[in-house]
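Just so you know, the protein sequences line up as chains A and B, in that order.
Numbering-wise (my numbering), the first sequence opens with residue 1 and increments by one.
Numbering-wise (my numbering), the second sequence opens with residue 1001 and increments by one.
In short, the hints are calculated from the structure, not lab data.
Do not rely on the hints blindly, as some may be mistaken.
Simulated restraints on C-beta separations [to be verified]:
id : chain 1 : residue 1 : chain 2 : residue 2 : range
1  : A       : 163       : B       : 1047      : 53 to 61 Å
2  : A       : 547       : B       : 1070      : 21 to 29 Å
3  : B       : 1047      : A       : 542       : 42 to 50 Å
4  : A       : 374       : B       : 1044      : 46 to 54 Å
5  : A       : 38        : B       : 1026      : 18 to 26 Å
6  : B       : 1026      : A       : 371       : 31 to 39 Å
7  : A       : 507       : B       : 1070      : 29 to 37 Å
8  : B       : 1023      : A       : 501       : 49 to 57 Å
9  : B       : 1074      : A       : 163       : 50 to 58 Å
10 : B       : 1023      : A       : 491       : 23 to 31 Å
11 : B       : 1044      : A       : 31        : 54 to 62 Å
12 : A       : 505       : B       : 1026      : 51 to 59 Å
Taking lysine to any residue and the SDA-like style, the derived pairs with C-alpha atoms no more than 25 Å apart in a straight line are [to be verified]:
id : chain 1 : residue 1 : chain 2 : residue 2
13 : B       : 1018      : A       : 437
14 : B       : 1018      : B       : 1029
15 : A       : 506       : B       : 1051
Residues from chain B that face chain A, not an exhaustive set, calculated with beta carbons under 7 Å [what the hints assert, rightly or not]:
id : residue
16 : 1034
17 : 1051
18 : 1054
19 : 1063
Cβ coordinates follow ideal geometry from the N, Cα and C atoms, glycine included.
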Amino acid sequence: MNELATMIAEIPPYLVLAVGALLIPALPSAFRSFWFVALPLVGLALLWSLPTQLAEACVVAWRYGDLPLMPYVSDPLSRVFATAFLVVLTTGGIYAWHNRDAGEKLATLFYAAGAVGVVLAGDYLTLFVFWELMALSSTWLVWSRRQEEPGHAGMRYLLYHVLGGGLLLGGILMEVSHTGSIQIQAFAPTGGAGHGAGGAGGLLGMLTSEGHPGAWLILLGVAVNAAIPPLHTWLPDAYPKATVTGAVFMSALTTKSAIYVLIRLFPGWEVLVWLGLAMALYGTIWGLMSDSIRQVFAYSILAQLGYMVTAIGTGLDLALNGAAAHAFSHILYKSLLFMAGGALLYSVGTDRLSRLGGLWAGGGGAADGGSWGRQNRLLFGAYMVGALSISGLPLLNGFISKPMIISAVGEAHYEAGMLVLIIASVGTFLHTGLKIPYYTWFASPTAHASKRPEGDETPHPVTPRPLPSNMILAMGIGSAFCVLFGLAPNLLYALLPFSADYSPFKAYPIAESLLVTGGGLLVFLAAISRFDLRRAGELLDLDAPFRALMPWIRIVFVEAPWAVFEAADRLMASLTRVVVGALRNPLRFLQPFGERNGADSDRRPAHSAESFTPAIEIVMALVLFTFLALAVGLLI
Amino acid sequence: MSTTSVNGADSPAGFARKLPLILALASIAAGLALEFTVLRGYASHWWNEVPAFYLLWGAAGSALLLAVASLGARALVRTRTEDDHE
């Protein structure tokens, strides 16, 4: 009996998701949502029912030729990420309960299987396979919107991830040929504060001191999925255009699985400190500029990833714990925010701040007799829990991880980095905690009508449609998680991979959080009475030059080669016609001789034997003459 | 002595309008109380010597971010019509 239980516990959770996904199309549509929610719960049960002696080691090992594969390795680091992924798949499944689209559910389960597979992989080959599965299946969540613009964004998303996958594969092949091992192991650090860092001076020294080209290629490939600038533009491009339900899963899986790989492979790579700080500021500033709620969330993902990347770069145990804890917290509150943003899009038809406004007062105007009014309050409450969590306010789950990273960055003697992260934190509070709720629920919807894009016919004030109750329930569960971990941080700290003593409930982080957010709130209140922070339109990013060059790129790489191929095609067709004609009637080439012969040639049909008689006579005479000449030559 | 007015700060609507300011002042007061009592003499970084540094840093950072974002949006937001209806 015990052996059977162990055998069952050894089933990888991603296998449950992938096999379950294959059954989705065969299930009755009413049963699909139940199935979708049940699968991650089974996965969670399997993950946490592993016997202790297996939980710290390779659970499943195979051989593929000479390669020892480790497709299922469960250690504390992988478990904390896999747990977060499976939890968000469950709450997201409840949120998407009303969505009966089998294709979207199937793609989501494969996507989650890919993400869970990445964090449970013990070797590079397994990791790469799941990496690509994640890229392909998540693209479908953008395309499932079935509109032109998401279609284009999905293609750009896919191209980026194909590029990242190619870089990752190239790096893996170089790494395997360099070390002879496909086992995933951390690369030597290049100058961070922890894990025995060596520390070559300056950026050039940092880039050249450690790590062979294979490691750098792997880092580049992972940087695409971790949205490290300038390789980040797929994220704010695709996430706002994904389906209402798909964006919830996308916000949790791709970037956090990349963070896991960075923690696993690149702790103490100092270049990550500077990249992370740049990310934190970049995401914050672009988030403040964006007009689309879900794009603000996408940019704030970038900023929060910046915290994690910075922490990984320091290499300290406390920082790596902070990165893992922040990834866990971020998955919970960011999925909650995307649920709230998606609910707004579902209900009022837009997530543009320039088209919203006054929802708090006008929320009861739905044609359903007022149920939207109650839902609107719940939606606002859930949104604010997510917004205050991401802002790092005490008693919510952002507070148990963000100050841990800031503190660790200080311990690693990056004091300027601490100050930058604090600015990024208050910036997050400004756009997610203040700007979005103010302009969505409280600002007058008519005050900014002149700022609407030309041709915008969205009715004002918007008439919302009621939300499905499953959406409200899922947001309630998400909020409960944010509060639960905020109040009881040890629930999360017990899962963390390294032993590092940290408690958020001390005077210093509480005072820091209250003062910084209080200062930000005062400035915001002063600013909104003088300026309108909304600006309708599409926000340009670093890919703008490439996208502006697209017509020329299309001419050079698509239209010009196509024109050459077409010309070659036409030439070959002409040659073929000539050869086929010649083979059909070789005599036509002798026609010039025949045409000129005789006054009655006009009356003869073309290519008639008669018209070729003189030419044939000439040819035969030449042949005979040749034979004669040869005979004479041989005799002489 | 009148205690209520329709549009004044004493009405529920007026109180709701003032709530953000009240929250800001309350959080600042609580933070400063912690800083000047429990954390008095605490210094692990140079800025801990500066009174109310985090309040000033938060306010200055917010002003800077809003200014940069406001100027940046003028240059980087391209106006166009987009149908994002679900």
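Hints and how they fare:
no. : hint                       : in the structure
1   : A:163 x B:1047: 53 to 61 Å : 42 Å, violated
2   : A:547 x B:1070: 21 to 29 Å : 24 Å, holds
3   : B:1047 x A:542: 42 to 50 Å : 32 Å, violated
4   : A:374 x B:1044: 46 to 54 Å : 48 Å, holds
5   : A:38 x B:1026: 18 to 26 Å  : 45 Å, violated
6   : B:1026 x A:371: 31 to 39 Å : 34 Å, holds
7   : A:507 x B:1070: 29 to 37 Å : 35 Å, holds
8   : B:1023 x A:501: 49 to 57 Å : 32 Å, violated
9   : B:1074 x A:163: 50 to 58 Å : 32 Å, violated
10  : B:1023 x A:491: 23 to 31 Å : 28 Å, holds
11  : B:1044 x A:31: 54 to 62 Å  : 57 Å, holds
12  : A:505 x B:1026: 51 to 59 Å : 19 Å, violated
13  : B:1018 x A:437             : 16 Å, holds
14  : B:1018 x B:1029            : 16 Å, holds
15  : A:506 x B:1051             : 19 Å, holds
16  : 1034                       : 4 Å, holds
17  : 1051                       : 11 Å, violated
18  : 1054                       : 4 Å, holds
19  : 1063                       : 5 Å, holds
When each numbered hint is compared with the structure, violations occur for hints 1, 3, 5, 8, 9, 12 and 17.
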